[in-house]
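Here the protein sequences come in this chain order: A and B. Numbering-wise (my numbering), the first sequence opens with residue 1 and increments by one. Numbering-wise (my numbering), the second sequence opens with residue 1 and increments by one.
Honestly, the hints are just simulated from the structure, not real lab data. Please note that a few of the clues may not be correct.
Claimed, not checked - In silico DSBU-like links for lysine-lysine, alpha-carbon gap of 35 angstroms or less:
| no. | chain 1 | residue 1 | chain 2 | residue 2 |
| --- | --- | --- | --- | --- |
| 1 | B | 8 | A | 53 |
| 2 | A | 34 | A | 66 |
| 3 | A | 34 | A | 53 |
| 4 | B | 8 | A | 66 |
| 5 | A | 111 | B | 8 |
| 6 | A | 34 | B | 8 |
| 7 | A | 53 | A | 66 |
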Amino acid sequence: MVVDQIADADVDRIFHALADSTRRDILTLAVGGKYSVSALAERYPMSFAAVQKHVAVLEGAGLITKERRGRERLVRTDVDTVQKARELLDGIEELWRARVDRIDNLLANEKRTTGGN
Amino acid sequence: MSVTSVVKDPESLTMTVTADLDATVERAWQLWADPRQFERWWGPPGYPATVVDHDLRAGGRITFFMTGDEGERHDSTWDVIAADPPRHLELRDADVDEDGRPNDGNAMTGFVITIDERDRGGAVMAIHTHFDSLAGMEQVLATGVEEGMHMLISQIDAVLAGAPA
Numbered sequence: 001m002v003v004d005q006i007a008d009a010d011v012d013r014i015f016h017a018l019a020d021s022t023r024r025d026i027l028t029l030a031v032g033g034k035y036s037v038s039a040l041a042e043r044y045p046m047s048f049a050a051v052q053k054h055v056a057v058l059e060g061a062g063l064i065t066k067e068r069r070g071r072e073r074l075v076r077t078d079v080d081t082v083q084k085a086r087e088l089l090d091g092i093e094e095l096w097r098a099r100v101d102r103i104d105n106l107l108a109n110e111k112r113t114t115g116g117n
Numbered sequence: 001m002s003v004t005s006v007v008k009d010p011e012s013l014t015m016t017v018t019a020d021l022d023a024t025v026e027r028a029w030q031l032w033a034d035p036r037q038f039e040r041w042w043g044p045p046g047y048p049a050t051v052v053d054h055d056l057r058a059g060g061r062i063t064f065f066m067t068g069d070e071g072e073r074h075d076s077t078w079d080v081i082a083a084d085p086p087r088h089l090e091l092r093d094a095d096v097d098e099d100g101r102p103n104d105g106n107a108m109t110g111f112v113i114t115i116d117e118r119d120r121g122g123a124v125m126a127i128h129t130h131f132d133s134l135a136g137m138e139q140v141l142a143t144g145v146e147e148g149m150h151m152l153i154s155q156i157d158a159v160l161a162g163a164p165a
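Take these sequences, add in the hints, and give me the full structure.
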């Protein structure tokens, strides 16, 4: 079960990392693994140090990894961690689909017994 | 009439479920505003919800619990952030312990519900859920797994009884 696969401390770190819009943006950019920290920094109206700090938070949460390419260190989103969030959402989607089914039944039964509303 | 779209964003931890309902906007609002109505759809057969407090005004609070046939119980408390009948409702969810106190450290979930007329008659209900954390999603799902099992069991029971599932 997905629930057992993430330790509480990891969950807290992932939560903290995802709670910032710049960091979510970096995650989206870094899916392809094409950006170095300096290339990322050029895209944001903030200092290199500030972007580096965001990247460090994402790395600490296991949401990105860094890999060396020549003289550069490229940043890559760990799709598995994002995937865990997606799996959780899939499960919750099923809950809501079942709830809407029950609402439909409730409304349909009411129409049958009262002849409409 | 059913779910028409589900938009999930794992990076911002949000989900929006949109459903067409064969009902007027006012009738759809009652699904939330009338606690007896709410009890009939929130939990699956075999894992029903029982509403304890239901003060559907901004600043009000809704408390309810769900019980399984083994006697297991799951309590919920929602703070009402906004309630503008019959179209707009904002709730914030915090799990509580057996004494009804919010559990410290439990992640919270926010809901924004909007209800509107549908062009071709009926109502459209959108439920936008925002999770504060993956932990919050796991918690919702952990309860949901239990819900799912009860659902399955009631379907099996119906099959065994020869009733349409």
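Holds or violated: residue 34 of chain A and residue 53 of chain A, Cα atoms, limit 35 angstroms. holds (19 angstroms)
Holds or violated: residue 34 of chain A to residue 8 of chain B, with C-alpha atoms at most 35 angstroms apart: Cα-Cα ~26 angstroms, so holds.
Given the proposed pairing of residue 8 of chain B with residue 66 of chain A, does the C-alpha separation stay at or below 35 angstroms? At roughly 27 angstroms apart (the allowed maximum being 35 angstroms), residue 66 of chain A and residue 8 of chain B satisfy the hint.
Restraint check for residue 34 of chain A with residue 66 of chain A, where alpha carbons must lie at most 35 angstroms apart: OK: residue 34 of chain A and residue 66 of chain A at ~11 angstroms, within 35 angstroms.
With a cut-off of 35 angstroms on the C-alpha distance, tell me whether residue 8 of chain B and residue 53 of chain A pass. Satisfied, since the Cα-Cα distance of roughly 28 angstroms is no more than 35 angstroms.
Holds or violated: residue 111 of chain A with residue 8 of chain B, Cα cutoff 35 angstroms? holds (33 angstroms)
Against the 35 angstroms threshold, does the CA-CA distance of residue 53 of chain A and residue 66 of chain A hold or violate the hint? Holds, because 14 angstroms separates the two Cα atoms, which is no more than 35 angstroms.
In summary, this structure violates none of the numbered hints.
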